[in-house]
Each structure stands twice: as structure tokens, then as C-alpha cells.
Amino acid sequence: MAQVVLKDINKLYGSVHAVKDVNLRIDDREFVVLVGPSGCGKTTTLRMIAGLEAISSGDVSIDGQVVNDLAPMDRDIAMVFQNYALYPHMSVFDNMAFGLKMRKFDRREIATRVKEAADILGIGELLKRKPRQLSGGQRQRVALGRAIVRHPRVFLFDEPLSNLDAKLRVQMRVELRKLHQRLGTTAVYVTHDQVEAMTLGDRVVVMKDGIVQQIGEPLELYNRPVNKFVAGFIGSPAMNFATVTMADGNGRLTAKNGGLEIEVPAPHADRLRAHTGHRLTIGIRPEDLRVAGDADPAGLTFSAKVEVVEQLGSEVLLDLRVGNDAMVAAVDPVVRVKTQDTLRLAVNPGRLHFFDAESEKAV
Amino acid sequence: MFFYLPMAFFLLFLLFPFYWMVITSIRPDSELYRPWNAINYNPFWTTRPTWEHVRGLLLETLFTTWMWNTMFIALMSTAISLVCGVFAGYALSRLSFPFAGGLGTGIFITYLVPQTLLFIPLAEIIRNYNLGDTPWALILTYPTFLIPFCTWLMMGYFKAVPKELEECARIDGASRWQAMLYIIIPVAIPGILSAGIFAFTLSWNEFIYALVFLSSPDQKTVPVGVTSDLIRGDVFFWGQLMAGALLGSIPVAIAYSFFVEHYVAGLTGSVKG
Numbered sequence: 000m001a002q003v004v005l006k007d008i009n010k011l012y013g014s015v016h017a018v019k020d021v022n023l024r025i026d027d028r029e030f031v032v033l034v035g036p037s038g039c040g041k042t043t044t045l046r047m048i049a050g051l052e053a054i055s056s057g058d059v060s061i062d063g064q065v066v067n068d069l070a071p072m073d074r075d076i077a078m079v080f081q082n083y084a085l086y087p088h089m090s091v092f093d094n095m096a097f098g099l100k101m102r103k104f105d106r107r108e109i110a111t112r113v114k115e116a117a118d119i120l121g122i123g124e125l126l127k128r129k130p131r132q133l134s135g136g137q138r139q140r141v142a143l144g145r146a147i148v149r150h151p152r153v154f155l156f157d158e159p160l161s162n163l164d165a166k167l168r169v170q171m172r173v174e175l176r177k178l179h180q181r182l183g184t185t186a187v188y189v190t191h192d193q194v195e196a197m198t199l200g201d202r203v204v205v206m207k208d209g210i211v212q213q214i215g216e217p218l219e220l221y222n223r224p225v226n227k228f229v230a231g232f233i234g235s236p237a238m239n240f241a242t243v244t245m246a247d248g249n250g251r252l253t254a255k256n257g258g259l260e261i262e263v264p265a266p267h268a269d270r271l272r273a274h275t276g277h278r279l280t281i282g283i284r285p286e287d288l289r290v291a292g293d294a295d296p297a298g299l300t301f302s303a304k305v306e307v308v309e310q311l312g313s314e315v316l317l318d319l320r321v322g323n324d325a326m327v328a329a330v331d332p333v334v335r336v337k338t339q340d341t342l343r344l345a346v347n348p349g350r351l352h353f354f355d356a357e358s359e360k361a362v
Numbered sequence: 028m029f030f031y032l033p034m035a036f037f038l039l040f041l042l043f044p045f046y047w048m049v050i051t052s053i054r055p056d057s058e059l060y061r062p063w064n065a066i067n068y069n070p071f072w073t074t075r076p077t078w079e080h081v082r083g084l085l086l087e088t089l090f091t092t093w094m095w096n097t098m099f100i101a102l103m104s105t106a107i108s109l110v111c112g113v114f115a116g117y118a119l120s121r122l123s124f125p126f127a128g129g130l131g132t133g134i135f136i137t138y139l140v141p142q143t144l145l146f147i148p149l150a151e152i153i154r155n156y157n158l159g160d161t162p163w164a165l166i167l168t169y170p171t172f173l174i175p176f177c178t179w180l181m182m183g184y185f186k187a188v189p190k191e192l193e194e195c196a197r198i199d200g201a202s203r204w205q206a207m208l209y210i211i212i213p214v215a216i217p218g219i220l221s222a223g224i225f226a227f228t229l230s231w232n233e234f235i236y237a238l239v240f241l242s243s244p245d246q247k248t249v250p251v252g253v254t255s256d257l258i259r260g261d262v263f264f265w266g267q268l269m270a271g272a273l274l275g276s277i278p279v280a281i282a283y284s285f286f287v288e289h290y291v292a293g294l295t296g297s298v299k300g
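For the record, the sequence lines run as chains A and B. Mapping to the numbering used here: the first sequence position 285 is 284, numbers consecutive. Position in the second sequence counted from 1, then plus 27, gives you the numbering used here.
Misleading hints may appear alongside valid ones.
Said to hold, decoys possible - Cut-off 27 Å, straight-line C-alpha distance, at most; resulting in silico cross-link-like pairs (DSSO-like, lysine-lysine): (1) Lys19/A x Lys360/A; (2) Lys337/A x Lys304/A; (3) Lys360/A x Lys337/A; (4) Lys100/A x Lys190/B; (5) Lys114/A x Lys177/A; (6) Lys103/A x Lys114/A; (7) Lys190/B x Lys127/A; (8) Lys207/A x Lys190/B; (9) Lys190/B x Lys103/A; (10) Lys177/A x Lys166/A; (11) Lys255/A x Lys114/A; (12) Lys127/A x Lys103/A; (13) Lys207/A x Lys6/A; (14) Lys103/A x Lys186/B; (15) Lys127/A x Lys207/A; (16) Lys207/A x Lys186/B; (17) Lys129/A x Lys100/A; (18) Lys177/A x Lys255/A; (19) Lys6/A x Lys19/A; (20) Lys19/A x Lys190/B.
Treat the hints as calculated values from the structure; they're not laboratory data.
Extracted from the complex, chain A is given alone in its bound form (with noise of 0.2 Å):
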């Protein structure tokens, strides 16, 4: 159990800044996502507190301790790799055991250990066997089983997923949960999938270009995203973009472009009063639009034209043409549409994003 604080962490590889002024607080039982997509620093990030990668600048701390100069073996983590890193010559037994007897546990302890960690993820059968006798699955789940004998003060995940096929996925983020739940160990958790990110943090940390872009919990990431970035990058499908130019008439705000007239409602109009004649970016996630009804007012609506209908069953998304604008609706499955139809949609008012043309800050 342990509380994790980076400050002010920086990563040069030569001239390429990779991690810049990262600055996070995990607490203990924590489980904390870092997302973003390639290259943007989370896994490095990673790799500087497990002691993998050398910190260029700022400290790293466990418990208060600064650790930067401690080997990986003395910061007291585990660490389950994407590939999973089994040791091929090693019995699924002797791959979980393999941490304790570095550190000299008696024989006793370590079988005692190791059951108890396959008893809880299942793979008490599998004991004997070497890692290529195992699927995806049972690999992913002795890669667990090594990291949780060792009762680290923290978990550290790469991307531990990914090499698995998509029903696996859900299933297994689903049991990491659940063992997070049942062990409360603090954890750091890297990911590329906005899904995971979603579904497994308690907070999630996007990132970008080696910049940390928000910290926050799932759904403030969601419905209060800080900027353009953040935006698109959580929910799926993605946040619908559309450069707009605010106009001021009869007290009334729109938002304005050849495709788009909307009439800003009035919290966010007050607020973006003051940007009035500027070009601004509005964002409106897919789930925000329905086909617009007789009940809803004409400054709420906009027409559209059908490209493409995507049918999930449980939704439709409509892929669309919106004046010069690509657009993404997601609508209730009972609407009947059909390619080329133009059709009008109303937006949620109350879940409208603005941020600056220039900056892609939110406003």
C-alpha cells in the first residue's frame, strides 16, 4: 500500500523531450490510468517509476521516499508487461515463485503464496506447465499471478491488454477490476484504449506529446474535458468538431457556420458573450444528437444529410453532412433512415462544448 508522487518529471532522449513537467499525485489504493495515444509519454512514464528509465529531471516518490536512484528490485513494485514477460523455461509454478525466491523467502511461504494467487485468478491447474502450453489468457493471468504474489506496494501495468482478442479484453478488465477491488493495492495503469482508460480508473491522466492534458476522474474527463484534445480523445465515437463564429443579435447568442445555427443556451451563453464575432470550435458528442422532434425549438436544430447508417443494434450511428462539416450521431435504433436522407437534429443543450479556435482551450 503506498502512495506514489511524481514531481516535476522530465525525460530527455537526446534532444527529444518526451515526458515534460509531469506532476501527479497517486493515492494509496488508487487505480490510476495514463492514456494517450503513441508516443505521447505514458509509457515512459511508467517506466520511470518502475526505475526502468532514468529520470532526466524531478523527483519520483513512494510512500514519501524519493526513489529516482533505487534499482527497479528496491522500489518494491511489480510490473506486468504487454508481451507478458514469462520466462519460456520456467514452469508457470516456478514463473510466479521466481520474485520470492530472489528475495529469500522460505519454501514454505512461497507455495503458500503462489496458491493463493492462482486460487484467486484461476489457474491452479496450470501450475506445472510451461508458458507456451498456455493461451493469451492463462499467459495474461500467471503475468498477474507473479506481479500479486509479491504484495508490492504498487502494481504497474503496460498496456497489459493489448495482445489479446476483443471479448478476452473485456473480460480481463473486468477481473482486473474486481482484483483491484479485493487486493486494494495502488496502481498505475498505461493504455492507448480510452475504453480501459474509462472503465478501469479511479482517475485517468491523458496525455499528449509528453504533456499531461487532464487529470480527472472518468466522467469529469467526459463532461468537462479541458480542451480540444481531451475532447476527442475520450468517448466513442469520437466528439463531433465544427469551427463556428459567435453572433450577437436581439440578446439572442449563435453559434454560426454554413451548415450550423445554433442559439446558445443560456449558461453557456453567458459565459461566451464575451467572444462574440470570434471564431470558436463547438463540440457535440454523438450521443448528444437525436432526430429532432416538433417539440424542439427551431435554434436547438439543424438539418443534415444521411451518408452513411451504421446499425449496432443497440444504436444507430449516422454518418453525416452537416454544411462542410463531417458528423457523427448516435441515435436511438428505432429511427428509420436511409442513405442520402436529409433529416433534422436537435442537440442536448445543456451538453455543448466550446473551446478557442486558436488554443483549443475550453471556454
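Following the hints, position chain B against chain A.
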């Protein structure tokens, strides 16, 4: 059919020299030195097989001594080269230190220096250390080409071992040394075996250093002994020569067949996580 026919042809082509060795070594001299166009003479088999050449080789010549010499020299130089090669290969492929790349290339270049050139300065060194005409002359000079060879083979192999294995071991509490000993080397066994077999074969068959650095008949290795002592003047003792070549190739054949699976895995396969 399209598989077996070329295969059969290939096998015939490869195995014929061995067949020729066998048939020559059991053919009596009276048949061996008959003109090729003599009546009732077929060069491809014999009706009167004899052990006289093999017996002569084993009892009248120093062949068994040569075998022991060769075995001792080949095993020792292989062991030295493997130990150096494994450590050097590991260091060059895994540790980052200044000039690592240049050092790797440098080692490779030493492998390219022809032995026919290198034996001249080496002879000087051997003489200065009074090692001439002892097995140590070869045990210490064979590594000059075996170590670069093993190092390069092992470098390639270590690069194929995922570095996460080692990182994981180090997080698990192993020092770099322990990680290498318990994880990397066991995983690299196929590579080490292939390097070992190759090194063994190279030193077993080596000719020029053995010819230059050894002179007493009882110190010679098989390739030198067979060619120098079984050809007296301009007389070729074909039966004994062939018997010697045949027996001399047996240890290598055993080494290959015994480790063939590991050996192929070492050359073609990598480690899957």
C-alpha cells in the same frame, strides 16, 4: 514426387563422398591400385571387404592420439570461446556503453582477417611464449577466430530475446548478473548450443594453424596427421586416408545429430513471450 525427386538427387549428391570414403576404406589394396579400365573392376563396390586399413590406421599410426589431441583442443577452445562470446554478445547487444557499436564492428572485422595472414604474427607470439608444439598453441589461437564468431552469433540471438524478460526479472528482485544467469542464458540455450557446435566444428577441422604450430607426430590433430603422415613421399595410402577421414568426421556428426533440434531453433527461431 516433386518434393522427393529433387530431394533424392540432393541426398545422393551430398552422401556420395561419404559412400566413397566408406568403400575406399574397406577395399583391399589389390583393388585400390588397379587401373580404372581393368577387366571385372567396378569402382562403386567391392566383393572382398577388408578391415586392414582401419586396423592399420588404429594400430600402426598415431591416429588415436590425434583423435584425443583434436578432441581436447576443440573442446577447450570451444569452451573458452563460448564463455567469452556469450558475455561479449550479451554486453554488446544489451548494455549501452560508449563505442559499443564500434566495438561490435571491430570484433567482426577481426573475424574477416584471413588465417593465412594471421598465422605469421601468431607464430611469433607462440614462439615467444614457448607454446610451440603443445596443444596450448592451438587452444589459445583458435579463439582468435572463434570468439568473434560466437560473439556475433550470440549478439543476434540476445537481440531476439525480448528485453522485457530481463526487465521483469530485475523488478522481481534479480540483479543484472542474476537476471542473466537465471533468465537470459537459459532462454538463449539454443543459440549457445549452435555457437558451440559451430565453434567445435571449426576447431575440429582447422588445418593451417595446426599445421604451422605443431610439428611432433604425437602432437598433431586429425586433419594434419592424416594428411602429413598418411602420405609418405608421393605415396597415398588411400585406404587409411579414407578411414581416417571417416573416423575423424564421426564426432562432428554426433555433435550435430545430438543437438540438431536446438541447433536449428538457434539459427531460425526466436523466443516468443
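Evaluation of the provided hints:
A distance of roughly 19 Å separates the Cα atoms of Lys19/A and Lys360/A; the hinted pair therefore holds under the 27 Å criterion. Taking the CA atoms of Lys337/A and Lys304/A, the gap is near 10 Å; set against the 27 Å cutoff, the hint holds. Among the hinted pairs, Lys360/A with Lys337/A is inconsistent with the structure: their alpha-carbon atoms are about 37 Å apart, more than 27 Å. At most 27 Å may separate the alpha-carbon atoms for a hinted pair to count; Lys100/A and Lys190/B meet this at roughly 21 Å.
A hinted pair counts as satisfied when its Cα atoms are at most 27 Å apart, and Lys114/A with Lys177/A qualifies at roughly 19 Å. Simply put, Lys103/A and Lys114/A have alpha-carbon atoms about 18 Å apart, close enough for the 27 Å limit, and the pair holds. A distance of roughly 25 Å separates the Cα atoms of Lys190/B and Lys127/A; the hinted pair therefore holds under the 27 Å criterion. Our distance criterion of 27 Å between C-alpha atoms is met by Lys207/A and Lys190/B, whose separation comes to about 26 Å.
For a cut-off of 27 Å, the pair hint linking Lys190/B to Lys103/A stands: about 24 Å separates their Cα positions. Distance check on the hinted pair: Lys177/A and Lys166/A sit about 17 Å apart at the alpha-carbon level, within 27 Å; holds. Note on Lys255/A and Lys114/A: the hinted pairing is violated, with a Cα-Cα distance of about 64 Å set against a maximum of 27 Å. A threshold of 27 Å between alpha carbons decides the hint, and for Lys127/A with Lys103/A the separation of about 22 Å falls inside it, so the pair holds.
Distance check on the hinted pair: Lys207/A and Lys6/A sit about 18 Å apart at the alpha-carbon level, within 27 Å; holds. Note on Lys103/A and Lys186/B: the hinted pairing is violated, with a Cα-Cα distance of about 30 Å set against a maximum of 27 Å. About 43 Å separates the Cα atoms of Lys127/A and Lys207/A, which puts this hinted pair outside 27 Å; it is violated. With a C-alpha separation of about 30 Å, the suggested pair Lys207/A and Lys186/B falls outside the 27 Å cut-off, and the hint is violated.
For the proposed pair Lys129/A and Lys100/A, the alpha carbon gap of about 18 Å is at most 27 Å, so the pair holds. With a C-alpha separation of about 47 Å, the suggested pairing of Lys177/A with Lys255/A is violated against the 27 Å cut-off. At most 27 Å may separate the alpha-carbon atoms for a hinted pair to count; Lys6/A and Lys19/A meet this at roughly 11 Å. Between the alpha carbons of Lys19/A and Lys190/B the distance comes to roughly 25 Å, so the proposed pair stays at or under 27 Å and holds.
Hints 3, 11, 14, 15, 16, 18 from the earlier list are contradicted by this structure; the remaining hints agree with it.
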